[in-house]
Every structure is written in C-alpha cells, then in structure tokens.
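> What follows is the residue order along each chain.
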Amino acid sequence: MGTVAEASDVVLPAEGPEREIARDLARRAAIVSPAFLVLGAVLDGVHGLVSAGLALVLVAGNFLLGAAIIGRAVAVSLNALYGAVLLGYIVRLGLLAVFALAFKGTGWFAAVPFAATLLVTHLGLLAAETKRVSMTLAHPGLAPSARRVADEPSTDPTSTQE
Amino acid sequence: MLNVLAQTAAGEMLEGLKAIGAGLGYGLAAIGPGVGIGTVVGNAISAMARQPESAGMARTTMFLGIAFTEALALIGFVVFILLMP
Chain V
1 MGTVAEASDV VLPAEGPERE IARDLARRAA IVSPAFLVLG AVLDGVHGLV SAGLALVLVA
61 GNFLLGAAII GRAVAVSLNA LYGAVLLGYI VRLGLLAVFA LAFKGTGWFA AVPFAATLLV
121 THLGLLAAET KRVSMTLAHP GLAPSARRVA DEPSTDPTST QE
Chain L
1 MLNVLAQTAA GEMLEGLKAI GAGLGYGLAA IGPGVGIGTV VGNAISAMAR QPESAGMART
61 TMFLGIAFTE ALALIGFVVF ILLMP
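Keeping their order, the protein sequence lines are chains V and L. Read in this note's numbering, the first sequence has 57 at position 57, and its numbers run on one by one without any break. Read in this note's numbering, the second sequence has 58 at position 58, and its numbers run on one by one without any break.
Okay, chain V solo, but in the shape it has when bound (with noise of 0.2 angstroms):
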C-alpha cells in the first residue's frame, strides 16, 4: 500500500533511456534493412520488397511510438506510466493492423516477406539491442556510446577509466 502512495508521488525526467535504445533500435533497423529489402524483392519481386520495407517501418515506428510514450507518461507520475503503457499497447497494435489492412487494400502487399520481416526484425534487434544494454551495465567501456562516457568524468568508484 505503501509503495503506491509514494509512485504517485515520484516524478522522473521525460528524457530516459528507452528513447536512446529506441533510437538505437531505429537505427540498427536501418542498417539490417538492405538484406531483408533484398530478401523480400528475392521472395516476392516489388510487392516484396515494399512489403519487407513497410515492415520495417512498422518495426522501428513501433519502437519510437512506445519509447515517446513511456517518455511523456513518465514525466507525470508512475501512475500514469502504468496506464499510458497499457493503453499504448492496445493502440499500437491497432495502428499495426489498420497500417498493415490499409496497405493490403492497395494490392501491393506480400504476406509472406512482411510476416517473415517483421517477426525476425523485431526479435533480432531486440536481442542485440539486450546484447548492447547488458554490456553497458557490466562495462561500460565496450557500449557504443563510449565516447560520450570517456569524456566525461566517472562517478561510479568501480569503473576502470581514470
């Protein structure tokens, strides 16, 4: 009973972590997308490759949307974080399926590249995006974005950089 008194009244800052892994996320999507264009335009011509590209889109559209919404909802109270992030998942997967029905109507959708690019997309950069965050934990120096971390000043008494 405690514990939901007091999340009401912490507040945290809207910029967080989750818009960084989300970014992260968008851009390693980037870089994968060449394959799995190629992939789809091998499986399935054009229709294909538009179809493993709007996959694609969706993907890291989704990443984004959930991230800013956890972002705002933060900076409220945690109580809003528990509601924003229930209702942005209903509303995310209904914005999949109205983009994914919408764009089956103009004829030129292939479910077979976009099932395959979704799944594997989704699946595969949250496994390296797990890779990345768990090597930031446990040391800090091998994350992406240790340039940022050298220049500044550590804080932290177990770190290894002077």
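Just so you know, nobody snuck in bad clues.
Derived list of chain V stretches under chain L, where covered just means 3 residues or more per stretch with a C-beta under 8 angstroms from a C-beta of chain L:
1) 16–29
2) 96–107
3) 121–134
Take a look, some chain L residues computed to stay more than 12 angstroms from chain V by CB distance:
4) M13
5) E15
6) G16
7) I20
In short, the hints are calculated from the structure, not lab data. Because the structure is a prediction, the values reported are computed rather than measured. C-beta: ideal position from N, C-alpha, C; glycine also.
With chain V held as given, fit chain L onto it using these hints.
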C-alpha cells in the same frame, strides 16, 4: 438465417470464417502479452517508487521487457495477416 446461409456460396462462407478466425486469433493472442506487460510495468513501477535513484536501470529493463513481451502479440498479428482473406 438458414436461407441466407444456404444461398451463400461455400467459398464466401469459408472466406468469412477465415476472417472471423483471424480476428479472434489476433484478439486472443493479445491477451497474454497484455497480462505480461502489466506485470512488467507494475514491477518496474514498484522498483522505481522504492528506489528512484535506480530508475534508469528499471526503465531500461522495463522497455526491453515490454518489447520482448510484445513479440508474442506480433506472432498473433502475423497469423492474423496470413489468415486474412
């Protein structure tokens, strides 16, 4: 009702049943991840309320946990897309 069904071609009926199945499957597949995301966020909020100084780590783990849990709903979405006529 039976007259309408009798007049409907078998192919149209099959397409309709496919659409109903796809929609039901997507909706049912979204329930589990919804519960999972609720659990993830609830525990993250508890952690942030107890230790605001470690909120950054809790937010990082929460975001990744939400995204991983959401992959289950995406599998349901893919089945929905593949089944939709």
